[in-house]
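K.L.:
Here is what each chain is made of, one letter per residue.
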Amino acid sequence: MNAVSQTAAETPALSGAEVVLRALKDQGVEVIFGYPGGAVLPIYDALFQQNHIRHILVRHEQAAVHAAEGYARSTGKVGVVLVTSGPGATNAVTGLVDALMDSIPVVCLTGQVPTHLIGNDAFQEADTTGITRPATKHNYLVKRSEDLARVVHEAFYVARTGRPGPVVIDLPKDILINKAPYREASTAPHRSYRPRTEPDPEQIRKAVALLKGARRPIVYTGGGVVNSGPEASALLTEFVRMTGFPCTNTLMGLGCYPHDDPQFLGMLGMHGTYEANLAMHGCDVMLNIGARFDDRVTGRLSAFSPGSRKIHADIDPSSINKNVKVEVPIVGDAAAVLRALIAAWKADAAQPDREALAAWWRQIDQWRAKDCLAYRQDGAIIKPQHAVKRLYEITREMGRETFITTEVGQHQMWAAQYFGFSKPNRWMTSGGLGTMGYGLPAAMGVQIAHPDALVVDIAGEASILMNIQEMGTLAQYRLPVKVFILNNEYMGMVRQWQELLHGGRYSESYSAALPDFVKLAESFHARGLRAQAADELDAVIREMIAHPGPVIADICVAKDENCFPMIPSGAAHNEMILGPDQEANAAAVTDEGKVLV
Amino acid sequence: MSGNGTGAERAATIAVLVENEAGVLARVIGLFSGRGYNIDSLTVAPVDEAGRLSRITIVTSGTEMVIEQIKAQLDRLVPVHKVSDLTMEGPHVSRELALIKVVGRGENRMEALRLADAFRARVVDATPESAVFEMTGAGEKIDAFIALMRPLGLAEVCRTGALAIARGVRSL
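Same order as they appear, the protein sequences are chains S and E. Using this note's numbering, count along the first sequence one by one with no gaps and you end on 597. Using this note's numbering, count along the second sequence one by one with no gaps and you end on 172.
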């Protein structure tokens with residue numbers, strides 16, 4: 001207590017709201033995404049009187065969190081959100097869970113009714129810490145002014161270290177108004193939270209021994225490599241090239257290994273490539289770095305990579321041995337693990353069996369020869385795959401720094417399959433939670449962080465309507481985000497599952513009564529474009545990119561196209577459906593498989 | 001479909017040292033309900049002089065993989081200092097406290113008092129037609145005593161759940 005009152009005496013008297021802003025500034029915060037309301041008025045008042053932090057006014061609190069996620073994922077910094085109590089906080093919950101599932105560092109400040117009213121069912125009161133406890137990595141309710149500065153600093157530390165995630169700070173209005181002491185961020189270690197980042201050398205040694213003896217190895221990497229920072233991606237590339245091993249990425253990991261590298265097998269999992277999934281199935285040693293054996297990746301667990309010895313490096317010990325039992329667990333940050341693996345690989349005199357590796361590559365090349373992502377664009381109807389592919393080719397040709405966000409569904413998978421990423425932090429998608437409505441606000445956050453870059457939200461006509469109000473935010477801040485809608489007039493992935501698994505009974509999956517997206521764009525002061533035939537596609541893409549402001553490009557695509565390859569639910573990697581000819585296989589999905597989502 | 005479902009289940013007594021702050025118990029309990037783990041019993045109280053640390057003792061059960069998950073999930077909660085699987089980490093002493101009320105007169109009452117004496121249960125309250133027994137011991141001993149009281153007028157049972165500590169010099 002003495003220390004606190006001393007600091008208080010030294011610091012000029014600040015209101016709680018001013019303390020919050022000073023702590024944000026000291027944490028390097030430049031932008032916050034928010035929406036005002038009664039309980040946070042003191043913070044908005046303090047914001048008005050300073051120039052360090054820019055506030056972006058969103059149109060819905062869910063979008064504020066997604067925008068902060070987009071900002072965080074494209075910069076590696078912590079994204080910051082400010083919302084009011086009650087509905088402000090509850091609206092933010094979807095975004096928080098999204099950030100939790102995808103390990104995105106976000107600090108969300110929520111207003112709260114004054115401390116003396118907590119528990120009284122006051123106006124706009126909600127038990128925010130209770131509601132967000134399972135939705136966050138950690139949360140705080142600040143009940144004493146002297147805790148305020150410490151809690152804000154600690155929240156940033158918790159959000160960005162270890163496995164990153166969202167942290168909520170619930171701020172009662174009296175705490176924001178009352179005077180509070182300011183304290184710098186403490187350099188002392190946290191009392192109980194000490195994430196481990198450096199791997200155990202003994203585990204690294206075991207991993208390298210296993211890898212050197214591999215005849216059919218695979219490197220399977222995920223969002224942990226991206227989250228670790230760009231150095232981890234560079235180290236991954238170095239390690240994979242040094243070993244000559246094949247590499248595959250999860251949906252979250254795209255960009256951490258260059259897509260056009262010959263050792264890259266593409267994305268794995270439910271809509272991954274044939275070669276990536278069969279290599280996972282047939283490998284004898286698997287090195288997983290920063291991925292979590294998610295059910296979208298493993299397919300039927302009992303048939304997942306049955307013959308392999310597995311190494312799993314993850315910063316979160318609870319991700320290891322959760323779904324899949326592994327032989328060599330390594331707890332550590334991806335960059336630290338890769339650095340140690342490279343050093344140990346070089347130090348170990350043993351040589352991998354080059355002949356076995358060459359035979360493995362010959363096998364992989366045979367799988368590759370299936371060309372599982374081939375599609376035929378003939379006739380006037382635009383294939384959605386073709387639309388994404390042309391978008392990719394045209395942006396590459398233009399050579400502009402490009403960031404892609406997506407909504408959730410078929411278009412998301414086509415984006416993952418046909419848009420190539422060579423660098424990390426260029427691909428923002430809702431992988432774990434699968435949140436429709438993620439892409440537009442996320443793109444907003446990316447564009448704020450990278451004002452000169454090309455930012456495209458590859459969307460579906462159903463998803464985009466879930467946060468379409470953010471077109472207003474784009475207009476207000478002149479954010480030139482491009483919304484590229486693959487409009488097939490269906491919730492396409494729902495329709496696909498209904499076709500393949502539910503006898504073609506398209507229950508409620510048709511997007512009826514759609515708005516005219518061109519007029520919708522215009523009403524939000526943006527440019528609206530439409531491509532209805534294949535020969536209009538390129539011109540629309542070029543015009544979309546060339547236009548200096550926000551654009552909605554309504555790309556009318558084939559309505560009944562399915563997303564392949566596909567591992568039907570409950571199936572194994574070697575039971576994938578490659579295309580329409582094999583759709584009958586999906587009918588054989590067991591009841592056990594149908595239970596799965 | 002779950003890889004966690006395979007293998008034999010075992011019981012585990014887990015000791016968790018946590019920061020004594022608002023909501024910490026809710027975090028632990030929420031983790032168990034949210035992830036579908038069992039809680040057979042749970043006890044909690046502050047354990048250090050300053051009242052900054054609390055110790056939670058949880059008795060749970062699951063396959064080896066599930067119990068490993070429970071420990072890892074507990075360990076990553078921000079206010080958790082330490083997690084120890086007492087069942088796996090060597091011998092430990094486990095005790096439970098129970099208060100047991102028996103209502104009745106005559107021979108049943110005499111028999112209840114005789115059995116209480118044999119089980120070393122203390123009488124902490126008595127009226128001409130009731131008695132409250134306090135009993136400390138392993139859970140099975142308390143179970144056995146309660147079973148004996150049932151025909152003799154068992155009216156109410158209140159138990160703490162297990163507390164456990166490692167034998168020897170090992171400390172959490």
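Take the hints with a grain of salt, since some may be wrong.
Calculated lysine to any residue pairs in the SDA-like style (CA-CA distance at most 20 Å, straight line) [claimed, not checked]:
#: 1; chain 1: S; residue 1: Lys-519; chain 2: S; residue 2: Ala-572
#: 2; chain 1: S; residue 1: Lys-325; chain 2: E; residue 2: Asn-20
#: 3; chain 1: S; residue 1: Lys-325; chain 2: E; residue 2: Arg-10
#: 4; chain 1: S; residue 1: Lys-25; chain 2: S; residue 2: Arg-196
#: 5; chain 1: E; residue 1: Lys-82; chain 2: E; residue 2: Leu-42
#: 6; chain 1: E; residue 1: Lys-82; chain 2: S; residue 2: Tyr-193
#: 7; chain 1: S; residue 1: Lys-519; chain 2: S; residue 2: Cys-556
#: 8; chain 1: S; residue 1: Lys-519; chain 2: S; residue 2: Trp-497
#: 9; chain 1: E; residue 1: Lys-82; chain 2: S; residue 2: Ala-188
#: 10; chain 1: E; residue 1: Lys-71; chain 2: S; residue 2: Lys-389
#: 11; chain 1: S; residue 1: Lys-143; chain 2: E; residue 2: Asn-20
#: 12; chain 1: E; residue 1: Lys-71; chain 2: S; residue 2: Glu-327
#: 13; chain 1: S; residue 1: Lys-143; chain 2: S; residue 2: Asp-174
#: 14; chain 1: S; residue 1: Lys-389; chain 2: S; residue 2: Gln-377
#: 15; chain 1: S; residue 1: Lys-143; chain 2: E; residue 2: Ala-22
#: 16; chain 1: E; residue 1: Lys-71; chain 2: S; residue 2: Arg-194
#: 17; chain 1: E; residue 1: Lys-82; chain 2: S; residue 2: Lys-519
#: 18; chain 1: E; residue 1: Lys-71; chain 2: S; residue 2: Asn-323
#: 19; chain 1: E; residue 1: Lys-71; chain 2: S; residue 2: Arg-133
#: 20; chain 1: E; residue 1: Lys-141; chain 2: E; residue 2: His-92
#: 21; chain 1: E; residue 1: Lys-101; chain 2: E; residue 2: Ala-144
#: 22; chain 1: E; residue 1: Lys-101; chain 2: E; residue 2: Arg-159
#: 23; chain 1: S; residue 1: Lys-559; chain 2: S; residue 2: Trp-497
#: 24; chain 1: S; residue 1: Lys-143; chain 2: E; residue 2: Arg-35
#: 25; chain 1: E; residue 1: Lys-82; chain 2: S; residue 2: Gln-377
#: 26; chain 1: S; residue 1: Lys-519; chain 2: S; residue 2: His-502
#: 27; chain 1: S; residue 1: Lys-325; chain 2: E; residue 2: Arg-35
#: 28; chain 1: E; residue 1: Lys-71; chain 2: E; residue 2: Val-44
#: 29; chain 1: E; residue 1: Lys-71; chain 2: S; residue 2: Asp-174
Hints were generated in silico from the structure; no laboratory data involved.
K.L.:
For every hint, state whether the structure bears it out.
P.N.:
Right, here's what the structure says about each hint:
1. S:Lys-519 - S:Ala-572: violated (45 Å)
2. S:Lys-325 - E:Asn-20: Given pair Lys-325 (chain S), Asn-20 (chain E) is violated - Cα atoms ~34 Å apart, limit 20 Å.
3. S:Lys-325 - E:Arg-10: holds (18 Å)
4. S:Lys-25 - S:Arg-196: violated (27 Å)
5. E:Lys-82 - E:Leu-42: holds (16 Å)
6. E:Lys-82 - S:Tyr-193: holds (10 Å)
7. S:Lys-519 - S:Cys-556: holds (15 Å)
8. S:Lys-519 - S:Trp-497: violated (32 Å)
9. E:Lys-82 - S:Ala-188: holds (19 Å)
10. E:Lys-71 - S:Lys-389: Violated, because 46 Å separates the two Cα atoms, which is more than 20 Å.
11. S:Lys-143 - E:Asn-20: holds (15 Å)
12. E:Lys-71 - S:Glu-327: OK: Lys-71 (chain E) and Glu-327 (chain S) at ~19 Å, within 20 Å.
13. S:Lys-143 - S:Asp-174: holds (9 Å)
14. S:Lys-389 - S:Gln-377: Holds - the C-alpha atoms of Gln-377 (chain S) and Lys-389 (chain S) are around 11 Å apart, at most 20 Å.
15. S:Lys-143 - E:Ala-22: OK: Lys-143 (chain S) and Ala-22 (chain E) at ~10 Å, within 20 Å.
16. E:Lys-71 - S:Arg-194: holds (16 Å)
17. E:Lys-82 - S:Lys-519: violated (59 Å)
18. E:Lys-71 - S:Asn-323: holds (15 Å)
19. E:Lys-71 - S:Arg-133: holds (19 Å)
20. E:Lys-141 - E:His-92: Since the Cα atoms of Lys-141 (chain E) and His-92 (chain E) sit roughly 17 Å apart, the hinted pair holds (cutoff 20 Å).
21. E:Lys-101 - E:Ala-144: holds (15 Å)
22. E:Lys-101 - E:Arg-159: Measuring from Cα to Cα gives roughly 12 Å; hence the hint holds.
23. S:Lys-559 - S:Trp-497: holds (14 Å)
24. S:Lys-143 - E:Arg-35: violated (30 Å)
25. E:Lys-82 - S:Gln-377: violated (59 Å)
26. S:Lys-519 - S:His-502: violated (36 Å)
27. S:Lys-325 - E:Arg-35: holds (18 Å)
28. E:Lys-71 - E:Val-44: Holds, because 17 Å separates the two Cα atoms, which is no more than 20 Å.
29. E:Lys-71 - S:Asp-174: violated (39 Å)
The structure fails to meet hints 1, 2, 4, 8, 10, 17, 24, 25, 26, 29 from the earlier list, while all remaining hints are met.
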